[in-house]
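Number of protein chains: 2
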Amino acid sequence: MGITRVGFIGLGIMGKPMALNLLEAGFALTVYSRSRAPVDSLVARGATAAPSPRAVAEASELVVTMVTDSQAVEDVVLGTRGIAEGAHAGLIVADMSTISPSTTTRVAAALAARGVSMLDAPVSGGETGAREGTLTIMVGGDARLFEASLPVFKAMGRKVVHMGATGSGQLAKLANQILVACNMAGVCECLNFAARAGLDAEKLIDSLSAGAASSWSLTNLGPKVARRDFAPGFKIKLLQKDLGYVLSSAEEVDAGLPATSLVHGLYGRLVEEGLGELGTQALVQAVEALSRGRDGQGGPRRAAPRE
Amino acid sequence: MGITRVGFIGLGIMGKPMALNLLEAGFALTVYSRSRAPVDSLVARGATAAPSPRAVAEASELVVTMVTDSQAVEDVVLGTRGIAEGAHAGLIVADMSTISPSTTTRVAAALAARGVSMLDAPVSGGETGAREGTLTIMVGGDARLFEASLPVFKAMGRKVVHMGATGSGQLAKLANQILVACNMAGVCECLNFAARAGLDAEKLIDSLSAGAASSWSLTNLGPKVARRDFAPGFKIKLLQKDLGYVLSSAEEVDAGLPATSLVHGLYGRLVEEGLGELGTQALVQAVEALSRGRDGQGGPRRAAPRE
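Which chain is which? The protein sequence lines are C and D, in order. Under the numbering used here, think of the first position of the first sequence as 5, with each following residue one higher. Under the numbering used here, think of the first position of the second sequence as 5, with each following residue one higher.
This is chain C alone, in the form it adopts within the complex (with noise of 0.2 Å):
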């Protein structure tokens, strides 16, 4: 017998496209979230709203999570009214949400002690692909759990990982924060440089995207920084926690993240003058303030320092 039964607890912008994607292939879904709207608007396509993470525990077989960092995980999974105050036999946790490998293996060791399991299977895909159901999940935790799991997963992503045991979901994720951090200094950088070197941007766009420079950050991303479009795919606020649960795991297992730590440091200062709302492309901002003083205000009229 499979899965029938799931919890969700997390409507935001990520959470709620995933759920209503659990509710079209065809899982009982019982809902909570901090927000009223979300939840009035799944009731309305058939799921049950609960009173809190225990009760949707009780509820399902399977809960999955979708909040927004380590400390909201450690709330709704083992806070007053939590998941792990509805656990049963059976019940297994599904932490979604990008947080720090060392939380997620305090959370499972806690949730076992109280038979229930937990997989951590962050994802990545954003927005349009939690909306489109296309979202790459990567899985940590027991081989078997994974499996019976699997139908869920399936109905929210398209490419479905299990990377080994519990954690390696989120370091597997980690590792993805890192290109994209990396990849988005490039695209910055390069950018920065052909606009005040006279360069069309769009041709020469075009013509990068075709070999060795390509990536997906300048194909998506570098049109947006082209036209100053800095609209948010995805807040520097979140790339920003996402980076600071890299360095403290590279911390961790002694990997150096020269690049890395640097882009962190980049928008730590885009984030100090509360820009942390807009979208990573924005990084080209903090290339440009390195570049020449700002609206001509005087600063540093030299290049870029050096190594």
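By construction, these hints were calculated from the structure, which means they are not laboratory data. None of the hints are false.
Between beta-carbon pairs, the in silico distance windows are: (1) D:K158 <-> C:E206: 18 to 24 Å; (2) C:T72 <-> D:K158: 48 to 54 Å; (3) D:N224 <-> C:A114: 41 to 47 Å.
Sample of chain D residues lacking proximity to chain C, with all beta carbon distances greater than 12 Å (derived): (4) P21; (5) G86; (6) R110; (7) A116; (8) P155; (9) K158.
Here are some, though not all, of the chain D residues that point toward chain C, as calculated from beta-carbon distances under 7 Å: (10) S128; (11) A176; (12) V184; (13) E193; (14) V291.
Ideal placement from N, C-alpha and C gives every residue a C-beta, glycine not left out.
Chain C is already provided as a structure; the job is to place chain D on it using the hints.
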């Protein structure tokens, strides 16, 4: 009447297969190279050997130069028995080497003084692209000259883009190398982190290649990094030469390149260690060196430096 008599100077790893594609496309080809072997090989396929760049110029309507660096271009164009000495009405020089844009501008001006036109037309796509005629060719110079030369370029490349005035082909190629450097840093930091965290590299590359972290570097060089295959597709010493041009050009236009400068510094350490002949994916060795003392022989056992 289109161009039929083409000259080719510099039959190295890139130049030789490019010249062969010109022969196959039916151009009457006159060649010169410092090494004897590729000249003999081209002659056996129907090319004519010339004793000097000057003699190549005298026999040709358009001369391609494909040599190692700025100095080599100055030598074959402006040196003794160089192309400039073989100047004649209507001669076009198409320099397909990657060199500094300021050298391009200087050489173009010197040629113009003798009535010779020049296009800068550096390529991306590597040895494979050269062999298969699928190079991307980024061209700077007069638009009519570009149109007249297009059939020659089309015999060597798939995507041929007119970027703008003299020097803009080189600037576009340098923009390409900024992306190549930053994307490679991302791949190496990602896979070193993954290895230390105990993730399966093959599964990771597979799952990340589908989404927002994807790049040509991840797909094509990531697997080589994972299996520690450092055989060169593109050699560190050549990318390092190009990054030198990038940094000096960026200084001229006052463009900040924090990540690219960092990567240039990391590659510099590998060159100092005598590893310049390795492929660019060996950047992972510099990242590893920041992670732990090598070979268990001590060294800093701390995490990466932070911004």
